[in-house]
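**Q** Once you've looked at the hints, dock chain B against the given chain A.
Chains as they are written, first to last, in this note's numbering: chain A, 1 to 506; chain B, 507 to 678.
Keep in mind that the hints were calculated from the coordinates and are not lab data. Accuracy of the hints is not assured; some may be wrong.
[To be verified] Which chain A residues face chain B? A few, computed with CB under 7 Å, are given here:
| # | residue |
| --- | --- |
| 1 | Thr469 |
| 2 | Ala472 |
| 3 | Val479 |
[Claimed, not checked] Distance condition first, Cα-Cα at most 20 Å in a straight line; then the derived EDC-like pairs of lysine to aspartate or glutamate:
| # | chain 1 | residue 1 | chain 2 | residue 2 |
| --- | --- | --- | --- | --- |
| 4 | A | Lys399 | B | Asp609 |
| 5 | A | Lys399 | B | Glu601 |
| 6 | A | Lys430 | A | Glu350 |
| 7 | A | Lys461 | B | Asp645 |
[Said to hold, decoys possible] Each pair of labels, with its calculated beta carbon distance range:
| # | chain 1 | residue 1 | chain 2 | residue 2 | range |
| --- | --- | --- | --- | --- | --- |
| 8 | A | Lys430 | B | Gln647 | 28 to 34 Å |
| 9 | A | Pro17 | B | Asp645 | 54 to 60 Å |
| 10 | A | Glu124 | B | Glu646 | 27 to 33 Å |
| 11 | B | Glu646 | A | Ser497 | 25 to 31 Å |
| 12 | B | Ala533 | A | Asp454 | 49 to 55 Å |
If you're wondering where the values come from, they're calculated on a predicted model, not measured in any experiment. Ideal Cβ positions, reconstructed from N, Cα and C, are used throughout, including at glycine.
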Amino acid sequence: MSRFNLIDEKWIPVRFPDGAREELGIRDTLLRSKEIAAIEDPSPLVVAALHRFLLAVLYRALEGPTDIDQAKILFLSGLPGQRITAYLEKWRERFWLFDEKYPFGQNPNVSRDEIEPWTKLTAEYNATSNKVLFDHTNTKNPGAREPKECARWLLSTMTFSISGGRGYYPSPSPNAMMCIPLGRNFHETLCYCLVPYPNRNVMSGDSTLWEREPKALPLNTPKQMATGYADLYTWQSRMIRLEEQPTGEVSMMRFVAGQGFENPSSTPDPMHPYKLEKNKGILPVQFRKDRGVWRDFDSLLPDSSELAPITIQNAVKLAGKNMNYLPESVLILGLKYEPPNANLEFWRMECLSLPKALAGDRFIRTDIRQFLADAEEAQKTLWTACNSFARDLISRGDKRPVSKKDISDFVEQMPVSSVYWSTLESCFHKILSDYNLERDPEDIRCQWLKFVRDAMRTAWKQHTSSVSTGDAWAIRALVKAERPVLRKLKELNDEISKLEPSKEKL
Amino acid sequence: MSGFIEWLEGLNEKDTKVRAVLRRSLAFTPGFHVPAYPYIEPFIKNESNSWRREMFYLVAGLWAAHWREDRKGQPESLGKACARYQAASGSTSTENRFISLLDADTDQLPHRLRQMIALLKEQSIDFEELLTGLLYWNDEQKRTQNGWGRDYYRNLNNETDTVHHNDKEISE
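Okay, chain A solo, but in the shape it has when bound (with noise of 0.2 Å):
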């Protein structure tokens, strides 16, 4: 029998903006748009997945945005509640989570044999194969879930699938970061997030996993391209099929390889940013271990490369000059893997703020970039003094053969970087803040050379005072050490100081 449709049960985590939560189903959840600040649940990876998910829907039932026009128009007044409606009227039958036929997002074909337990859908329980720190929940034994549960990580598993053997096929670039703008609530942030079209042949060819047949098992074309962002959204990189216990919750699944994507480059992903890489042209810019997202901020904010996420692309489109229509921040989240390993290594959400000046036509891309490669320049310089250090402190004077991993390693575990970083991080956010049209950008990168200097300052002298009561070598290596650092500094200085008279002078 048919159970726990989609459209009416309440399984999507809402956050009211009186900060009151509640589960929705899909149609309260597009209809109340406006009246929801934003989708919240522990897992970034159910966040993004449910929003992928919801922007899904609203693609084929608004047959559209084909167009920049139409965009503003949904943005500007509302969401058509009827067709929504009509459209998840027409599909009901393919929203129930068990059904027999056509059970939501998963396919009725897979093999009895392929059972695995429901932790196997999630990043944050251990699965057979793939075992959590902190984590104690027995495979064998896993208890039972909701299916309200079970349809988010149903989801997030398609988004967020990556490769293994076995023919399991990642999801289209599951290792890429996600950006959301946030708007206002949740209809603002649909309607960024919601871009138009290329134009109305693509919209047309578009479709969704349930709005057709599920495939027969074993595929006969193992990799394929996605048609629209409808296809692309809702892409089955994993066969599915819960099992339904007579609790009504579910315990065991079946669950296999899915359909593969290809070339994922030519059809940009338009949550991605992308960057352009020597020798291997143009990619999506990934998580990395060591490196907050602020680092790579710059790959955010839309320029002539349009290698912008076209999320925000788009919302800084639909508000034009009216700075009050900009999103004030971007969600960005994601999971970072290093195929062909197939464990994660981190998921990861993090909110950042936009920048007022984004609503004028000055290319504030360049700006922000220049400051990032301000901060990196200056690490460098840490990083060559933390070398140097940690090879005269191994070495002895030379007097010890000393090998480049062992500098690295010692490198590594000093925490002159991290300090650094994380010092700037804070005065990061508070350029961006306080970047809005009318401020000068010199005035702005004077601020910010102080910032680095002040953090690069710190992070030494921390380094300084928790070696300077160590041995003579220790004294020796750090005096030999600090050379390049102090005249970083001086050059730092004399930077300022060029763009400060300047100011005085107006």
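**A** Chain B alone, transformed into the frame defined by chain A:
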């Protein structure tokens, strides 16, 4: 402590024996050579800290051993003088001596310092600064050792200009 070297210079002008007695005191544990008492005690009469007392005796002995009538040039810190000596002599062992001086504990210090000062006979040394440094030798932050180390290594190369300009930078 300020003016101690001036005080010794004053004594030296009046009494030719002073330097000989103080030089001789270096053969003993600092503060244990009785004939040196009349020259040092009047200056440090209120000092009860034994380490500080010993350092006055030690520096007095080192000053006497190093004294030369025709010495010219601006007195320099010990680190700088060592760097200058190394540059002039090209000796490769100076750095090791300097390092072992910086690492000296309170027992080893007088001996290693004596050797170092003997080596630096051509250099003009700021004994007042040396005394100040020694008084803080046991400081937990090793300020003296760090200061001497900086003086030494920064003066070994030709980056004095940059270094001077930025000396305050890190401590600011």
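**Q** Run every hint past the structure and note whether it holds.
**A** Hints versus structure:
1. With a cut of 7 Å, the hint placing A/Thr469 at the interface with chain B holds, because the nearest CB-to-CB distance is about 5 Å.
2. Interface restraint check: A/Ala472 against chain B, minimum CB-CB distance 4 Å, threshold 7 Å, status holds.
3. For A/Val479, the interface hint holds, the least distance from its beta-carbon to any beta-carbon of chain B being 4 Å, beneath 7 Å.
4. For the suggested pair A/Lys399 and B/Asp609, the alpha carbons sit about 17 Å apart, so the restraint of at most 20 Å is met.
5. At most 20 Å may separate the alpha-carbon atoms for a hinted pair to count; A/Lys399 and B/Glu601 meet this at roughly 13 Å.
6. For the hint pairing A/Lys430 with A/Glu350, the CA-to-CA distance comes to about 16 Å; that is within 20 Å, so the pair holds.
7. Taken as a hint, the A/Lys461 and B/Asp645 pair is honoured in the structure, with Cα atoms around 18 Å apart against an allowance of 20 Å.
8. Separated by about 32 Å at the C-beta atoms, A/Lys430 and B/Gln647 satisfy the suggested range of 28 to 34 Å.
9. The beta-carbon spacing between A/Pro17 and B/Asp645, approximately 58 Å, falls within the hinted interval of 54 to 60 Å.
10. For the pair A/Glu124 and B/Glu646, the supplied restraint of 27 to 33 Å is violated, since their beta-carbon distance comes to about 46 Å.
11. About 37 Å separates the C-beta atoms of B/Glu646 and A/Ser497, a value inconsistent with the hinted range of 25 to 31 Å.
12. Separation of B/Ala533 from A/Asp454 is about 53 Å and conforms to the stated range, judged on CB atoms against 49 to 55 Å.
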